[in-house]
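Enquirer: Here is what each chain is made of, one letter per residue.
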Amino acid sequence: NAGVTQTPKFQVLKTGQSMTLQCAQDMNHEYMSWYRQDPGMGLRLIHYSVGAGITDQGEVPNGYNVSRSTTEDFPLRLLSAAPSQTSVYFCASSLRLVRDNEQFFGPGTRLTVL
Amino acid sequence: AQTVTQSQPEMSVQEAETVTLSCTYDTSESDYYLFWYKQPPSRQMILVIRQEAYKQQNATENRFSVNFQKAAKSFSLKISDSQLGDAAMYFCAYRSRQGAQKLVFGQGTRLTINP
Chain F
1 NAGVTQTPKF QVLKTGQSMT LQCAQDMNHE YMSWYRQDPG MGLRLIHYSV
51 GAGITDQGEV PNGYNVSRST TEDFPLRLLS AAPSQTSVYF CASSLRLVRD
101 NEQFFGPGTR LTVL
Chain B
1 AQTVTQSQPE MSVQEAETVT LSCTYDTSES DYYLFWYKQP PSRQMILVIR
51 QEAYKQQNAT ENRFSVNFQK AAKSFSLKIS DSQLGDAAMY FCAYRSRQGA
101 QKLVFGQGTR LTINP
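Just so you know, the protein sequences line up as chains F and B, in that order.
For the first sequence, my numbering begins at 1 and goes up steadily by one.
For the second sequence, my numbering begins at 1 and goes up steadily by one.
By construction, these hints were calculated from the structure, which means they are not laboratory data.
Since this is a predicted model, take the numbers as computed values, not measurements.
A couple of the hints might just be wrong.
[What the hints assert, rightly or not] One side only, chain F facing chain B, incomplete, derived with CB under 8 angstroms:
{"#": "1", "residue": "LYS14"}
{"#": "2", "residue": "LEU43"}
{"#": "3", "residue": "LEU45"}
{"#": "4", "residue": "TYR48"}
{"#": "5", "residue": "ALA52"}
{"#": "6", "residue": "ASP56"}
{"#": "7", "residue": "GLY58"}
{"#": "8", "residue": "VAL60"}
{"#": "9", "residue": "VAL88"}
{"#": "10", "residue": "SER94"}
{"#": "11", "residue": "PRO107"}
{"#": "12", "residue": "GLY108"}
Built from N, CA and C at the ideal position, the CB exists for glycine as well.
If we strip away everything but chain F, and leave its shape as in the complex, we get:
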């Protein structure tokens, strides 16, 4: 298994540009989520999904869209990038119905918005 993969690893955008951060997992995990990591603030939940076709907002959803058309993929869209979205983004996944399950994290995407 490749686990949780994220592309790209690095990205530089100009203010107002749009882009999609890709996340995929090959473990048949129902639960997938996106976090952002900012210095001194730990990781904060942006959006999450408990299965294909089901998504919900986390703690900091503004400026981001998600969809979950398949179990494997959970892309994060920035419609109009802003400098405040400069951050490191992590995707994570886990089995939903297993007690005491572990969330597996991708390697992260470092995004800079100029």
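Position chain B relative to chain F; hints supplied.
Expert: Chain B only, in chain F's frame:
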């Protein structure tokens, strides 16, 4: 809403010695999970240890152990026989047992190992 606080932005320890990282949390729930994650310079988030709130026994994983004080809402991580490879950011995290599996993270503690 739950919150997690790590009051030590940075810690350092001599190689082979023991260090304890602190974490406190706030919740009104009685059943939940607590985690410690390690993030080395590679940025990969690695699960170090987990604790279920209903279990009174403290979790241990080789050189890593926790001191879970439910009434005090405290969850510290002890690293014994510190090794150079332990140098990393360490994050404490909370997850409710009910509902979606959302993790709430603390701000992190940067651990330096001095040779």
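Enquirer: All the hints need checking, so say for each whether the structure fits it.
Expert: Quick rundown of the hints versus the structure:
With a least beta-carbon distance of about 24 angstroms to chain B, the hint placing LYS14 of chain F at the interface is violated under the 8 angstroms criterion. Because the smallest distance between the Cβ of LEU43 of chain F and any Cβ of chain B comes to about 4 angstroms, under 8 angstroms, the interface hint for this residue holds. The criterion of a C-beta within 8 angstroms of any C-beta in chain B is met by LEU45 of chain F, whose closest approach is roughly 5 angstroms, and the hint holds. Because the beta carbon of TYR48 of chain F sits about 6 angstroms from the nearest beta carbon in chain B, less than 8 angstroms, this interface hint is met.
A cut of 8 angstroms between beta carbons decides the hint on ALA52 of chain F: the least distance to chain B is about 15 angstroms, and the hint is violated. Taken as an interface hint, ASP56 of chain F checks out: its beta carbon lies about 7 angstroms from the nearest beta carbon of chain B, inside 8 angstroms. Evaluation of the GLY58 of chain F hint against chain B yields a held restraint, the C-beta minimum of about 6 angstroms falling below 8 angstroms. Because the beta carbon of VAL60 of chain F sits about 12 angstroms from the nearest beta carbon in chain B, more than 8 angstroms, this interface hint is broken.
This hint holds: VAL88 of chain F has a C-beta 7 angstroms from the nearest C-beta of chain B, less than the 8 angstroms allowed. With a cut of 8 angstroms, the hint placing SER94 of chain F at the interface with chain B holds, because the nearest CB-to-CB distance is about 6 angstroms. Given the 8 angstroms rule on beta carbons, the hint for PRO107 of chain F holds: about 6 angstroms separates it from the nearest Cβ of chain B. Nearest Cβ of chain B to the Cβ of GLY108 of chain F: about 5 angstroms, under the 8 angstroms cut. The hint holds.
Against the hints set out earlier in the document, violations occur for numbers 1, 5, 8.
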